[in-house]
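Fit chain B to the known structure of chain A by using the hints.
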Amino acid sequence: MIARIMPRVRELGILVVLIVLIIAFSIMSPTFFDANNFFNIAKQVTTLGICAVGFAFVLITGGIDLSVGYQISLNVVVCGLLMSKADLPWYLAVPIVIALGTTIGIINGLIITLTGVAPLIVTLSMMTILNGVSYLLSGGLPISGFPREFSVLGQGSLGPVPVSLIFLIVIWIVGFVILNKTYVGRYFYAIGNNVEATRLSGVNTRGTTVFVYALCGFFTAIGAVILLSRLNSAQSATGAGFEFNVLTACVLGGVSVMGGRGSLFGVFVGVLIVGVLDNGLVLMNVSEYVQLVIKGVILLAAVIYDATSKSSAGRRKQIGGIPLTRAVA
Amino acid sequence: MVSEQPFLRVDGLGKSYPGVRALDGIDLELRAGEVHAIVGENGAGKSTLIKILAGAIAPSEGTITIGGESYPHLTPHLARTLGVAVIYQEFTLVPTLSASDNVFLGEYLRTGPFLRRRAMQSRSAELFTRLGVRISPNALVETLTTGYQQIVEIAKALSKEARLLIMDEPSAPLTASEVEAMYLVVDALKAEGMTIVYISHRLDEIFRLADRVTVLRDGTHIATRDIGETTRRELITLMVGRELSDTYPTREHAVGEATVEVDDLTGNGVQGISFTAHRGEILGFAGLIGAGRTELMELIFGAVPAQSGTVTINGAPAGARTPMQGIRNGVALVPEDRKRHGVVLDFSIRDNITLPQLSRLSRGTIIDHGRENALAEDYSRQLRIKAPGISSRVGELSGGNQQKVVLAKWLAMHPDVLIFDEPTRGIDIGARHEIYLIMNRLAEEGRTILMVSSDMEELIGMSDRIVVLREGVQQGILRKEQITQEAVMALAAEGEAE
Chain A
3 MIARIMPRVR
13 ELGILVVLIV
23 LIIAFSIMSP
33 TFFDANNFFN
43 IAKQVTTLGI
53 CAVGFAFVLI
63 TGGIDLSVGY
73 QISLNVVVCG
83 LLMSKADLPW
93 YLAVPIVIAL
103 GTTIGIINGL
113 IITLTGVAPL
123 IVTLSMMTIL
133 NGVSYLLSGG
143 LPISGFPREF
153 SVLGQGSLGP
163 VPVSLIFLIV
173 IWIVGFVILN
183 KTYVGRYFYA
193 IGNNVEATRL
203 SGVNTRGTTV
213 FVYALCGFFT
223 AIGAVILLSR
233 LNSAQSATGA
243 GFEFNVLTAC
253 VLGGVSVMGG
263 RGSLFGVFVG
273 VLIVGVLDNG
283 LVLMNVSEYV
293 QLVIKGVILL
303 AAVIYDATSK
313 SSAGRRKQIG
323 GIPLTRAVA
Chain B
419 MVSEQPFLRV
429 DGLGKSYPGV
439 RALDGIDLEL
449 RAGEVHAIVG
459 ENGAGKSTLI
469 KILAGAIAPS
479 EGTITIGGES
489 YPHLTPHLAR
499 TLGVAVIYQE
509 FTLVPTLSAS
519 DNVFLGEYLR
529 TGPFLRRRAM
539 QSRSAELFTR
549 LGVRISPNAL
559 VETLTTGYQQ
569 IVEIAKALSK
579 EARLLIMDEP
589 SAPLTASEVE
599 AMYLVVDALK
609 AEGMTIVYIS
619 HRLDEIFRLA
629 DRVTVLRDGT
639 HIATRDIGET
649 TRRELITLMV
659 GRELSDTYPT
669 REHAVGEATV
679 EVDDLTGNGV
689 QGISFTAHRG
699 EILGFAGLIG
709 AGRTELMELI
719 FGAVPAQSGT
729 VTINGAPAGA
739 RTPMQGIRNG
749 VALVPEDRKR
759 HGVVLDFSIR
769 DNITLPQLSR
779 LSRGTIIDHG
789 RENALAEDYS
799 RQLRIKAPGI
809 SSRVGELSGG
819 NQQKVVLAKW
829 LAMHPDVLIF
839 DEPTRGIDIG
849 ARHEIYLIMN
859 RLAEEGRTIL
869 MVSSDMEELI
879 GMSDRIVVLR
889 EGVQQGILRK
899 EQITQEAVMA
909 LAAEGEAE
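Residue numbers (this note's numbering), protein chains in the order written: chain A, 3 to 331; chain B, 419 to 916.
Just so you know, the hints here were simulated from the structure itself, not pulled from any lab data. These numbers were taken from a predicted model, which means no experiment stands behind them. Backbone N, C-alpha and C define an ideal beta-carbon position, used for all residues, glycine too. Please note that the accuracy of each hint is not assured.
Claimed, not checked - Incomplete in silico selection of chain B near chain A, CB under 8 angstroms:
id, residue
1, L592
2, L602
3, V603
4, R758
5, D764
6, D769
7, L773
8, S777
9, T783
Stated by the list, open to error - Here are the computed lysine-lysine pairs in the DSBU-like style, where the Cα-Cα straight-line distance is at most 35 angstroms:
id, chain 1, residue 1, chain 2, residue 2
10, B, K804, B, K757
11, A, K297, A, K183
12, B, K757, B, K469
13, A, K183, B, K469
14, B, K804, B, K469
15, A, K183, B, K757
This is chain A alone, in the form it adopts within the complex (with noise of 0.2 angstroms):
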């Protein structure tokens, strides 16, 4: 367990990374290396911290979910909704919209189970189904008016430290205690290193699933509600792209995509330079799509690493529910 919870080699070398990152920035850029910039950029990546942790442990068991981007965009767009037009109060309307996000997880979580269909396949027709509703419900107008106090969980501060930062902190470390200190969490290892055998021990690994991605739908949708509270306005396009994003911070974590490991740290750092990278490129005028160009190498390179890192190489993927007797050589 220790070794789990202590960042390992592969982390402090991507810690390295970062701080090389930011010591580039700070030459290139005058404005970068700034406390308010710093600021910034915490609330710039809270969205996607939170949402990392629930695809952290949706990776960690060997499963994939897509679905992130638009599940925000759907998020948002309800939430915007519901204040708006049916002028609920923030605090009635973001709950239902976390019990939205929720239910959307356990839809792809049933569907997995039941059927067998490999997560990328289901989350990615999941994925453009919620693109399409929340265009019919937005009709592609952005929605906006929402009532002032709902914009301080995301623009808010206590004192010099951004609201969003300490919804970040706390579910971080939420996300920390159920990965490294809950048996939950060593069931998310056991069913990414070998499913059935884990099934085998008597641990109910299509409930616990479930209930991966279950919480990645939950943590994605407390991430959408920060992210609307800063931008003050719902757009269907919100949350387009941003499963590359938390792909990309997962990966370079040290998440491996093939399952069964991680750590909560190293998706900490891998949040962080992106995080970083995405605000220094913006402070260099580095174009849109010389961005896109940068951040695709990005996740290639570490995708790379995750594939050919000596701990990857020879472990074979387990596929989930094989009775024994099909799995002769």
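Just chain B now, with coordinates in the frame of chain A:
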């Protein structure tokens, strides 16, 4: 057939890894046309020796002489050119390609960019005939049985003009009848003058096939004997370095009341199975591959739900539909495929042992690490798992120690009924003996053991009674005094027995 001329000779061969001396001063001669068995426990240096002969690794010192030429080391390419081929335990076949495409994989016959498919098919068919089997060159490898896949692998070696065939535990993945077929292939190759190195844990095979046998222990060459001049007992003593009292230890017989009652159980490829097992009994299950033994165990444990029929354990209905229910019924399954179904390789010994009862070792949902460590330490010590500590990764342990981790995991659950599916497959003789002792101790403690095994000696040596299955149907139950190899085979093969 066997000539006195060596096909290959190694002198003073040694291999060191940091901190480990894997091979030390090996002198060995392989005579052309002989079947030379190499035996030794896991870690004796067999794999290292094979890898050196195949050119996969270079020795630290010594020479290899083939055809009068001496080499300080071989490369895979050079080894192949010199006619050395290895049949590894893990086949190197592409399941979705045909048998003939596999035979010529990497060295396809072609005209320009075009494959000469028909030529390859007829050449493959010739090779299969030479080996005395009828395999269609067009058959997809994934549709072939393990035994036939192995023969495709051998044909692949032959197509590359192999003159020395190294077979690494060829019988391990095979069923009893497939092993017989493989013996015939070895005989056929030997008749053609092929030199064969045959590596095996099973001594009966060595006495059946080999001309000479070499024993390795701890990386050193202990002895080479003509097969006629040695005995099983001597070989075991040479391998283990000490006298093993009995291959199958005896136990105090105290078979008690009925514990497991299975009535008309059907599903998962078996039908109408009925038997009763008792406290303190080891009930063996015999059958050829496809007989449905593993499938039956899956039903009893709950890995696969049954369609009909009942299982009663200690008088209570115990029709488990999930492993969770099976465990609650007091059943434990030590599966055949340890690495896939028994352990989580990337987990520590502790994490593996405590996996089935983590929720019980938690306060609320938070794991109590103190209790977890104590439990894992306790069972790790009881089963004498050899490892630096309970945090050691299970993937780094030997097969025998991995099997002990599986056992520790289940014993910590205090099961009444233990299912052992091929309990000693891939485990060396010393550790095997320890597993037998544990099984005996469990039976003496009044637990019920159901044991599936394809190793006839093990089955006969350990079982109180044997249930024989054939094609999913129960053929009979043999009482202790009725058990002979012939009686078991007659029921298992029904008419196919000699």
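So, going through the hints one by one against the coordinates:
no.	hint	result
1	L592	11 angstroms, violated
2	L602	22 angstroms, violated
3	V603	19 angstroms, violated
4	R758	5 angstroms, holds
5	D764	5 angstroms, holds
6	D769	7 angstroms, holds
7	L773	5 angstroms, holds
8	S777	5 angstroms, holds
9	T783	4 angstroms, holds
10	B:K804 / B:K757	18 angstroms, holds
11	A:K297 / A:K183	33 angstroms, holds
12	B:K757 / B:K469	23 angstroms, holds
13	A:K183 / B:K469	44 angstroms, violated
14	B:K804 / B:K469	26 angstroms, holds
15	A:K183 / B:K757	26 angstroms, holds
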